[in-house]
Amino acid sequence: MTRIHGDKKLSRRTNVEPKNNYRDYENDLRIDFQDTCGYCGKTINISKNAFEIDHFVPRSIDESRINDYNNLVYSCYQCNRKKHNKWPTHDANISHNEKEGFVDPILEEYDEHLERTVSGDIIGKTELGNYMVRAFAFDKRPMQEIWQLVKLSQERDRLLQTDSNNSESFKCWQEVALRIEELLKFMFDNKE
Numbered sequence: 008m009t010r011i012h013g014d015k016k017l018s019r020r021t022n023v024e025p026k027n028n029y030r031d032y033e034n035d036l037r038i039d040f041q042d043t044c045g046y047c048g049k050t051i052n053i054s055k056n057a058f059e060i061d062h063f064v065p066r067s068i069d070e071s072r073i074n075d076y077n078n079l080v081y082s083c084y085q086c087n088r089k090k091h092n093k094w095p096t097h098d099a100n101i102s103h104n105e106k107e108g109f110v111d112p113i114l115e116e117y118d119e120h121l122e123r124t125v126s127g128d129i130i131g132k133t134e135l136g137n138y139m140v141r142a143f144a145f146d147k148r149p150m151q152e153i154w155q156l157v158k159l160s161q162e163r164d165r166l167l168q169t170d171s172n173n174s175e176s177f178k179c180w181q182e183v184a185l186r187i188e189e190l191l192k193f194m195f196d197n198k199e
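Last residue of the sequence shown: 199 in my numbering, with the numbers rising by one and none dropped.
Watch out, some of these pointers could steer you wrong.
Claimed, not checked - Below are the DSS-like pairs computed for lysine-lysine, each with C-alpha atoms no more than 30 Å apart in a straight line:
(1) Lys90 <-> Lys55
(2) Lys16 <-> Lys26
(3) Lys178 <-> Lys26
(4) Lys16 <-> Lys147
(5) Lys147 <-> Lys93
(6) Lys192 <-> Lys147
(7) Lys198 <-> Lys16
(8) Lys178 <-> Lys90
(9) Lys178 <-> Lys55
(10) Lys16 <-> Lys90
(11) Lys15 <-> Lys147
(12) Lys15 <-> Lys178
(13) Lys158 <-> Lys15
(14) Lys90 <-> Lys26
(15) Lys90 <-> Lys158
I should point out that these hints are in silico values taken from the structure, not numbers from a laboratory.
Construct all of the structure, not just a fragment, from the sequences and the given hints.
Right under this line is the structure:
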């Protein structure tokens with residue numbers, strides 16, 4: 008078992024200059040979230056769709072946080088669509104009631120409720136975690152393939168930094184590249 012984001016530790020910078028439009032924070036969020044969906048751990052380089060900015064506390068619950076950097080989550084298209092306006096507590100100051108709701112993926116608490124299996128599935132560790140699995144449809148989406156792609160992309164990048172004249176390294180790189188291509192087609196076919 009491992010964290011949803013693997014070795015990546017996501018954070019939000021604290022010294023962001025306030026902006027009048029939340030979309031203007033996209034580059035800052037992309038850096039802070041390390042090109043990774045805060046909710047599922049998918050990286051931008053394996054996504055069929057452009058990443059989006061999720062309002063952790065939905066705009067329908069608290070319009071005053073629309074441009075609040077601390078309320079923004081860098082999110083893949085699928086996770087943003089699945090969460091949308093869901094906010095079971097209906098209270099902008101309470102993100103969950105231990106059974107239903109959400110945890111900001113920047114917080115260490117996120118790891119208390121969700122984890123990733125060795126094969127890549129995302130499972131709940133608590134009742135709240137199980138709620139989030141259902142809300143984001145982690146149990147219905149190709150999370151294993153997403154995790155394989157994340158890991159293979161990291162391996163490909165590592166191989167690119169090795170001696171390119173080494174025939175063994177090149178052969179490994181070719182195998183990894185072929186598997187990535189197969190998985191990307193699978194992801195495209197599954198609208199991920």
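Taking the hints in turn, this is what the structure says about them:
| no. | hint | result |
| --- | --- | --- |
| 1 | Lys90 <-> Lys55 | 18 Å, holds |
| 2 | Lys16 <-> Lys26 | 25 Å, holds |
| 3 | Lys178 <-> Lys26 | 48 Å, violated |
| 4 | Lys16 <-> Lys147 | 26 Å, holds |
| 5 | Lys147 <-> Lys93 | 18 Å, holds |
| 6 | Lys192 <-> Lys147 | 18 Å, holds |
| 7 | Lys198 <-> Lys16 | 27 Å, holds |
| 8 | Lys178 <-> Lys90 | 41 Å, violated |
| 9 | Lys178 <-> Lys55 | 27 Å, holds |
| 10 | Lys16 <-> Lys90 | 22 Å, holds |
| 11 | Lys15 <-> Lys147 | 24 Å, holds |
| 12 | Lys15 <-> Lys178 | 28 Å, holds |
| 13 | Lys158 <-> Lys15 | 12 Å, holds |
| 14 | Lys90 <-> Lys26 | 24 Å, holds |
| 15 | Lys90 <-> Lys158 | 25 Å, holds |
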